[in-house]
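Trainee: The residues making up each chain are set out below.
2 protein chains.
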Amino acid sequence: MREILVLYEQFKRKAQILGDLKSDETLSIIIKIFELCTAFLDRLERTALKSKVADKDYFSFVKASKISRAINESLYMLGIENVPKFFSCIRNNKYGDISSEQITAACYVIAINFCAAIDIEKDRNQKTPGTFFEYLIGHLYARRIQMNPTTKLSVLNLDMEGTLPTDFVFDLGKNEMKFHVPVKLSTRERVIQVWAHQKLLDGIYGTGRFLGMFTCLAETKTDKNKREVVEICLPFQWRLYQMFIAQLTRIYYLDMPKIYERLNDEFPKIRVAKFGDFFLEYDTLKG
Amino acid sequence: MREILVLYEQFKRKAQILGDLKSDETLSIIIKIFELCTAFLDRLERTALKSKVADKDYFSFVKASKISRAINESLYMLGIENVPKFFSCIRNNKYGDISSEQITAACYVIAINFCAAIDIEKDRNQKTPGTFFEYLIGHLYARRIQMNPTTKLSVLNLDMEGTLPTDFVFDLGKNEMKFHVPVKLSTRERVIQVWAHQKLLDGIYGTGRFLGMFTCLAETKTDKNKREVVEICLPFQWRLYQMFIAQLTRIYYLDMPKIYERLNDEFPKIRVAKFGDFFLEYDTLKG
Numbered sequence: 001m002r003e004i005l006v007l008y009e010q011f012k013r014k015a016q017i018l019g020d021l022k023s024d025e026t027l028s029i030i031i032k033i034f035e036l037c038t039a040f041l042d043r044l045e046r047t048a049l050k051s052k053v054a055d056k057d058y059f060s061f062v063k064a065s066k067i068s069r070a071i072n073e074s075l076y077m078l079g080i081e082n083v084p085k086f087f088s089c090i091r092n093n094k095y096g097d098i099s100s101e102q103i104t105a106a107c108y109v110i111a112i113n114f115c116a117a118i119d120i121e122k123d124r125n126q127k128t129p130g131t132f133f134e135y136l137i138g139h140l141y142a143r144r145i146q147m148n149p150t151t152k153l154s155v156l157n158l159d160m161e162g163t164l165p166t167d168f169v170f171d172l173g174k175n176e177m178k179f180h181v182p183v184k185l186s187t188r189e190r191v192i193q194v195w196a197h198q199k200l201l202d203g204i205y206g207t208g209r210f211l212g213m214f215t216c217l218a219e220t221k222t223d224k225n226k227r228e229v230v231e232i233c234l235p236f237q238w239r240l241y242q243m244f245i246a247q248l249t250r251i252y253y254l255d256m257p258k259i260y261e262r263l264n265d266e267f268p269k270i271r272v273a274k275f276g277d278f279f280l281e282y283d284t285l286k287g
Numbered sequence: 288m289r290e291i292l293v294l295y296e297q298f299k300r301k302a303q304i305l306g307d308l309k310s311d312e313t314l315s316i317i318i319k320i321f322e323l324c325t326a327f328l329d330r331l332e333r334t335a336l337k338s339k340v341a342d343k344d345y346f347s348f349v350k351a352s353k354i355s356r357a358i359n360e361s362l363y364m365l366g367i368e369n370v371p372k373f374f375s376c377i378r379n380n381k382y383g384d385i386s387s388e389q390i391t392a393a394c395y396v397i398a399i400n401f402c403a404a405i406d407i408e409k410d411r412n413q414k415t416p417g418t419f420f421e422y423l424i425g426h427l428y429a430r431r432i433q434m435n436p437t438t439k440l441s442v443l444n445l446d447m448e449g450t451l452p453t454d455f456v457f458d459l460g461k462n463e464m465k466f467h468v469p470v471k472l473s474t475r476e477r478v479i480q481v482w483a484h485q486k487l488l489d490g491i492y493g494t495g496r497f498l499g500m501f502t503c504l505a506e507t508k509t510d511k512n513k514r515e516v517v518e519i520c521l522p523f524q525w526r527l528y529q530m531f532i533a534q535l536t537r538i539y540y541l542d543m544p545k546i547y548e549r550l551n552d553e554f555p556k557i558r559v560a561k562f563g564d565f566f567l568e569y570d571t572l573k574g
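Protein chains in written order, with this note's numbering: chain A, 1 to 287; chain B, 288 to 574.
Mixed in with the good hints, there may be bad ones.
[Claimed, not checked] Simulated restraints, written as ranges between beta carbons of each label pair:
1) B:GLU332 - A:GLU45: 46 to 52 Å
2) A:LYS221 - B:SER441: 23 to 29 Å
3) A:GLN10 - B:GLY574: 55 to 61 Å
4) A:LYS12 - B:GLY417: 24 to 30 Å
5) B:GLY574 - A:GLN126: 52 to 58 Å
6) B:GLY490 - A:LEU280: 32 to 38 Å
7) A:LYS174 - B:ARG300: 36 to 42 Å
8) B:LYS573 - A:LYS221: 26 to 32 Å
9) B:SER352 - A:PRO268: 49 to 55 Å
None of these hints come from the bench; they were simulated from the model.
Ideal placement from N, C-alpha and C gives every residue a C-beta, glycine not left out.
Please model the entire structure based on the sequences and the hints provided.
Mentor: Here it is, written out as structure tokens:
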């Protein structure tokens, strides 16, 4: 476990010097973290959770009195099979032989393995999994777009001048697309921030200039005493946000809630998709 | 301490049945909590903190290895003197003989006493102080406006129908003002939510229909190891939010950061004021 945390610190340093987020060295650190987490978790017991989520089964890793967050069983199994193939796709930036489902499941395993290891070894530490996930997703976008992101933008508006801190922003250059990529482990009521940041970019730089690509792990909540897992979704609020605050272009999930998937068919038709879709539709998105 | 927590549970129940938030019984519970917290804290040592905030001194209550959050010294002293007078104003809903400074300081003491007691007795419990503060401020608005708030609004929009959960909303009736009152202990980067909720209300119900009255305790952050206190302010972002997301009518503080006070004089002139002002300017605001 100590080794995982040392590598995590290296990963953080790489990511914070944003020029390095995309690099092969960063990918190698992620692969090593994945291998160590897998080895660590393989020695643990698993316990099935009572799933209150329709058509999905969840389990947790267990060590003495400690229990990890909920893990989607079928997604995990599919992911474990496909992680090596996915890492090879990422290394070569070629996605011809892999499906969206395989990518999504592989990313899920890489993310959830680290989160589960921290859940078991650290007390109520939410920050470390959140930071790891943010940088992991940042790295994957950076590999696909073949560009490092920025996390600040200049504001020049008559007599106002300053710097706006942002989520990951990938600016493909003059007259090209710009991607705005907020990342969260889960959303609940805090998700309105994502629409508000999009509104701010639309207002300052012009509507349509940044495509909002919100990326999220899951919406599960685990009751560790009851060993029960629920999914918390607010689809009605999302529709209001999309209608009255700003328009997000995509919302990508690793463990997609069915309730949000249905928003593809309701007004205002929010495009909620599996994260794997991004790798396959990127060329279309960048236009 | 046990008695304080029992009263806190009673207060929460009163507040959650919103029809009771304004009531005299709720006020009596708040007064009792205040008295018990004061008695509890009076037996403790105080330690001066190294203040990195210009022109403000802070201290913490200390018990063995436990240390409370930072408390503004001069505000606390002014508040302690004025709490009885303030409770009597609240009881009679008459504010002719009390100044904005006295109201602000008294509210500060009532709020911070409870927070400090919880800091000392409970481990890293942020939820209890936050909930107490929200309901305390809700009660004070309800007394001044002489009306209980709601925390949900109906949405009827062609084929869309549903309920939007909100912060406190006081609706004075047809053709009268409506107040939208978000409440937080401190803001940091999460404050964009407040502007986003205002934007949502403007969008759904029409701009200008709800006056946004954001109410906040302080922006201090205490480093308990270094015994040092700083104030975290993001005035440039606030100006962008006010220009590009929505317009808040007032931002009230109990321990007002100087940096935000200056926003009264800069474009777009955000009206940041002491919370006590609300009690004196309410008749003007409701028009």
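Trainee: So, for every hint listed, does it hold in this structure?
Mentor: Here's how the hints hold up against the structure:
1. B:GLU332 - A:GLU45: 46 to 52 Å: Holds, since GLU332 of chain B and GLU45 of chain A (Cβ atoms, about 47 Å apart) stay within the stated range.
2. A:LYS221 - B:SER441: 23 to 29 Å: At 28 Å between Cβs, range holds.
3. A:GLN10 - B:GLY574: 55 to 61 Å: Holds - the Cβ-Cβ distance for GLN10 of chain A and GLY574 of chain B, about 60 Å, lies within 55 to 61 Å.
4. A:LYS12 - B:GLY417: 24 to 30 Å: Because 29 Å falls inside the window, the suggested range holds.
5. B:GLY574 - A:GLN126: 52 to 58 Å: Cβ of GLY574 of chain B to Cβ of GLN126 of chain A: about 45 Å, so the range 52 to 58 Å is violated.
6. B:GLY490 - A:LEU280: 32 to 38 Å: holds, 34 Å
7. A:LYS174 - B:ARG300: 36 to 42 Å: Given a distance of about 60 Å, which is not inside 36 to 42 Å, the answer is violated.
8. B:LYS573 - A:LYS221: 26 to 32 Å: Violated, since LYS573 of chain B and LYS221 of chain A (Cβ atoms, about 41 Å apart) do not stay within the stated range.
9. B:SER352 - A:PRO268: 49 to 55 Å: holds, 54 Å
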